[in-house]
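A.B. asks: Make the full structure from the sequences, and use the hints.
Okay, so the sequence shown: first residue is 0 according to numbering that gives the first Met the number 0, each after it adds one.
Honestly, I wouldn't trust all of these hints.
Now the in silico label distances, taken between C-beta atoms and shown as ranges [said to hold, decoys possible]:
#1 Leu10 / Glu31: 40 to 50 Å
#2 Ser61 / Val9: 19 to 29 Å
#3 Ser61 / Trp25: 17 to 27 Å
These are computed hints drawn from the structure, not numbers from a lab.
C-beta atoms are modelled at their ideal positions from N, C-alpha and C, and glycine is treated no differently.
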Amino acid sequence: MFRQKRVGAVLVCAVLLLAVFFSSVWMAHETEHHCTGEDCPVCQAIAMSGSFLRLVAAAILSFVFLLGLLNAKRPGFASRIFDIPVLGTLVSWKIRLND
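C.D. replies: Structural data, given as structure tokens:
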């Protein structure tokens with residue numbers, strides 16, 4: 000069951016990446032087309048591709064924001080971000096501090 004979910008997720012990601020790539024390439028190729036006027040089908044398709052790319056970008060940004068919020072709820076999250084990494088302490092080096 001887990002393998003089927005993984006394969007499905009990889010397929011969905013691959014299709015999404017291909018759609019974004021080919022949509023971007025097609026838009027770049029057709030930006031200098033010979034426009035026929037107000038009801039140009041190429042211009043309408045470019046507008047739809049642009050809205051598709053904006054929708055995908057908004058979905059990805061929302062997903063990353065949600066992951067950030069969920070990670071912020073975990074204990075110790077702020078201490079992992081804002082603490083300066085310490086390579087070692089006196090206790091970890093087993094040094095006795097006798098007076």
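A.B. asks: Are the hints correct? Go through all of them and say.
C.D. replies: Taking the hints in turn, this is what the structure says about them:
no.	hint	verdict
1	Leu10 / Glu31: 40 to 50 Å	violated (34 Å)
2	Ser61 / Val9: 19 to 29 Å	holds (21 Å)
3	Ser61 / Trp25: 17 to 27 Å	holds (25 Å)
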